[in-house]
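So the sequence lines, in the order shown, correspond to chains B and F. Residue numbers for the first sequence follow the numbering used here, beginning at 61 and rising by one. Residue numbers for the second sequence follow the numbering used here, beginning at 4 and rising by one.
Hints are computed from structural coordinates only; laboratory data are not their basis. One or more of the hints may lead you astray.
To be verified - Okay, derived cross-link-like pairs now, DSS-like style, lysine-lysine, Cα gap no bigger than 25 Å in a straight line:
#, chain 1, residue 1, chain 2, residue 2
1, F, K129, F, K30
2, F, K357, B, K175
3, F, K301, F, K318
4, F, K352, F, K382
5, B, K153, F, K301
6, F, K357, B, K85
7, F, K242, B, K175
8, F, K229, B, K154
9, F, K382, B, K85
10, F, K218, F, K323
11, F, K349, F, K315
12, F, K148, B, K154
13, F, K357, B, K123
14, B, K159, F, K181
15, F, K229, F, K242
16, B, K159, F, K148
17, F, K342, F, K352
18, B, K196, B, K153
19, B, K167, B, K196
20, B, K175, F, K148
21, F, K315, F, K218
22, F, K382, B, K167
23, F, K342, F, K357
24, B, K165, F, K229
25, B, K145, B, K85
26, B, K170, B, K159
27, B, K148, B, K65
28, F, K382, F, K349
Unchecked claim - Label pairs and their in silico Cβ distance ranges:
#, chain 1, residue 1, chain 2, residue 2, range
29, B, K167, F, K348, 41 to 49 Å
30, B, K145, F, A343, 22 to 30 Å
31, F, S31, B, K110, 39 to 47 Å
32, F, K301, B, V187, 18 to 26 Å
33, F, G44, B, T191, 25 to 33 Å
34, B, E107, F, N294, 42 to 50 Å
From the three backbone atoms N, C-alpha and C, an ideal C-beta is built for every residue, glycine too.
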Amino acid sequence: MGDDKLEFPSDEWVEKYVEVVNSSKAYEDAAHDWEGDFIFVVTPDGEHVKEPMRLYIDLWHGKCRAARMATPDDDAEFTYEGPLKNWKLLFDKKIDPIKGLMQRKFKLGKGDMGKIMRYTKAAMELVNATTLVPTKWPDE
Amino acid sequence: MSWEFTVPPKIAFGEDSIEVLETFQGKSAFIITDGMVNSLGYPDRVAKILSDNRWNIAIWDCAEPDPKVSNVRDAAEAMRAFEADTIIAIGGGSVMDTAKAAWVLYERPDIDLAALNPFEELGLRKKARLICIPTTAGTGSEVTKAVVIRDDETGRKMATINTDMVPDLAILEPSFTKDLPKSLTAYTGMDALTHAVEAFVSTWKNDFSDACTLKAVQMVFEWLPKAVENPDDLEARGKMLVAANLAGMSFSNSQVALGHSLGHSMGAVLRLQHGLAVGMALPYTIEFNTNDSDEAVKNYAELARVIGVTLKNPKRAAKKFAEMVRELMDQVGSPTSFKAAKVKKKDFKANLDKLVDFSMQDAAITMNPRNFESSALRKIYEYMYDGTPIDF
Numbered sequence: 061m062g063d064d065k066l067e068f069p070s071d072e073w074v075e076k077y078v079e080v081v082n083s084s085k086a087y088e089d090a091a092h093d094w095e096g097d098f099i100f101v102v103t104p105d106g107e108h109v110k111e112p113m114r115l116y117i118d119l120w121h122g123k124c125r126a127a128r129m130a131t132p133d134d135d136a137e138f139t140y141e142g143p144l145k146n147w148k149l150l151f152d153k154k155i156d157p158i159k160g161l162m163q164r165k166f167k168l169g170k171g172d173m174g175k176i177m178r179y180t181k182a183a184m185e186l187v188n189a190t191t192l193v194p195t196k197w198p199d200e
Numbered sequence: 004m005s006w007e008f009t010v011p012p013k014i015a016f017g018e019d020s021i022e023v024l025e026t027f028q029g030k031s032a033f034i035i036t037d038g039m040v041n042s043l044g045y046p047d048r049v050a051k052i053l054s055d056n057r058w059n060i061a062i063w064d065c066a067e068p069d070p071k072v073s074n075v076r077d078a079a080e081a082m083r084a085f086e087a088d089t090i091i092a093i094g095g096g097s098v099m100d101t102a103k104a105a106w107v108l109y110e111r112p113d114i115d116l117a118a119l120n121p122f123e124e125l126g127l128r129k130k131a132r133l134i135c136i137p138t139t140a141g142t143g144s145e146v147t148k149a150v151v152i153r154d155d156e157t158g159r160k161m162a163t164i165n166t167d168m169v170p171d172l173a174i175l176e177p178s179f180t181k182d183l184p185k186s187l188t189a190y191t192g193m194d195a196l197t198h199a200v201e202a203f204v205s206t207w208k209n210d211f212s213d214a215c216t217l218k219a220v221q222m223v224f225e226w227l228p229k230a231v232e233n234p235d236d237l238e239a240r241g242k243m244l245v246a247a248n249l250a251g252m253s254f255s256n257s258q259v260a261l262g263h264s265l266g267h268s269m270g271a272v273l274r275l276q277h278g279l280a281v282g283m284a285l286p287y288t289i290e291f292n293t294n295d296s297d298e299a300v301k302n303y304a305e306l307a308r309v310i311g312v313t314l315k316n317p318k319r320a321a322k323k324f325a326e327m328v329r330e331l332m333d334q335v336g337s338p339t340s341f342k343a344a345k346v347k348k349k350d351f352k353a354n355l356d357k358l359v360d361f362s363m364q365d366a367a368i369t370m371n372p373r374n375f376e377s378s379a380l381r382k383i384y385e386y387m388y389d390g391t392p393i394d395f
């Protein structure tokens, strides 16, 4: 089972995640008119993550139309960032993406918060999609 | 997982509690109210206490129901011209929301109200502090970090929270609610009940908010019928103020759920009074959640026990709780369907898409214990038109 897991973050993980998001009716429903791209950042923790790990996702009208490991030059409308241990909590649904911001587990480095607040259901569905990707963490 | 429970530093309650203002430090009080409340003389009672203590007073009575951003900007401008060091909101939820949002603009003119969110430290209180004196027993806004304002262009309600917006002092003066008409007493009381119940099933619930909810639910069932039946019963008025306040503390710290997403949309699209709308939605959302969430069943069953339901089967107890909410609504005259609220079928049908869209954009849906897609919301609204209990 462990061998089937995809390392997060990696191109393989992203590829599977895009597949899951694009087959999610719930996400498509909640984000049917969303237009905007994200960079998700796993911030260094001095232990398992030495340099920021960045993942680019372009979301458009309920689908993911592009995604990849981001280069340092990549830019997006929104950045959502936090340390590895909090990404694990998020994927385990121990925290939700909005409460995570309130608990200062994550921060929105860039982006219009008003726009995000109209799509909190879509954000939840993006998190729900991660549970369908078998994930191997950098500290495993 | 760490969390915080935030309430005002002081709550004064009971008859003559407005006299607490004699001990409040400041020089210039900007009173925000609406024309109706102003005509009842409550702002003058407050102004008298303050002017006897040599305060400068301004009364701004232009707050509107379901305040729009433009109305809030007008209030902030007047506040700025007066150079207030104390803002006093006297009124219902709309007045208090106007005061909170105007306070933000007064202190932070750089902020876009549409982008107001829970995550930014606003740094309020450099210019003024906020006192809230409710004239309704429902919103709980006098103790909450919540604010709801409407977009001028679309009419959509923008509901958000920010800890900085918790007022510095809440005053629960029963005599300030005695002129509230029976219908509004009922609707605002249902708003309080909906806050309490939804906070108890929210995915953000916590032990502190649960404690507030349990007492609030018990008090609403006991005292709301009495307050509606006899508007001059100051004991009932005072108890309902406390119940609404406890419910406010509860939901401010654990949030509301689907009932408010539906209700906010009903208010924005069909212009239904807020308490009427969320109250109408409440029993349907209890049934909807009960049909597919064990966690919700457990929580509703616990609330049912508080009001005397002895059924041992949790699901039956949860369903009984929904029935008892409907019975309470019937008793106090709060409509349990769109039809009963005199919404015309053609208006309902013409606006159904918008009702669903606005609900899906409401942040409270993410705290609902049962997940769903927009098609479920459409179906719930359709059941709500005729008053059919939810069976899916």
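Going down the list of hints, with the structure as the test:
no. : hint                           : result
1   : F:K129 with F:K30              : holds (15 Å)
2   : F:K357 with B:K175             : holds (18 Å)
3   : F:K301 with F:K318             : holds (8 Å)
4   : F:K352 with F:K382             : holds (12 Å)
5   : B:K153 with F:K301             : holds (20 Å)
6   : F:K357 with B:K85              : holds (20 Å)
7   : F:K242 with B:K175             : violated (40 Å)
8   : F:K229 with B:K154             : violated (43 Å)
9   : F:K382 with B:K85              : holds (17 Å)
10  : F:K218 with F:K323             : holds (19 Å)
11  : F:K349 with F:K315             : violated (43 Å)
12  : F:K148 with B:K154             : holds (24 Å)
13  : F:K357 with B:K123             : holds (22 Å)
14  : B:K159 with F:K181             : violated (39 Å)
15  : F:K229 with F:K242             : holds (10 Å)
16  : B:K159 with F:K148             : holds (15 Å)
17  : F:K342 with F:K352             : holds (12 Å)
18  : B:K196 with B:K153             : holds (16 Å)
19  : B:K167 with B:K196             : holds (23 Å)
20  : B:K175 with F:K148             : holds (20 Å)
21  : F:K315 with F:K218             : holds (21 Å)
22  : F:K382 with B:K167             : violated (36 Å)
23  : F:K342 with F:K357             : holds (18 Å)
24  : B:K165 with F:K229             : violated (46 Å)
25  : B:K145 with B:K85              : violated (29 Å)
26  : B:K170 with B:K159             : holds (17 Å)
27  : B:K148 with B:K65              : holds (14 Å)
28  : F:K382 with F:K349             : holds (17 Å)
29  : B:K167 with F:K348: 41 to 49 Å : holds (47 Å)
30  : B:K145 with F:A343: 22 to 30 Å : violated (51 Å)
31  : F:S31 with B:K110: 39 to 47 Å  : violated (55 Å)
32  : F:K301 with B:V187: 18 to 26 Å : holds (24 Å)
33  : F:G44 with B:T191: 25 to 33 Å  : violated (58 Å)
34  : B:E107 with F:N294: 42 to 50 Å : holds (45 Å)
This entry does not satisfy hints 7, 8, 11, 14, 22, 24, 25, 30, 31 and 33, going by the numbered hints stated previously.
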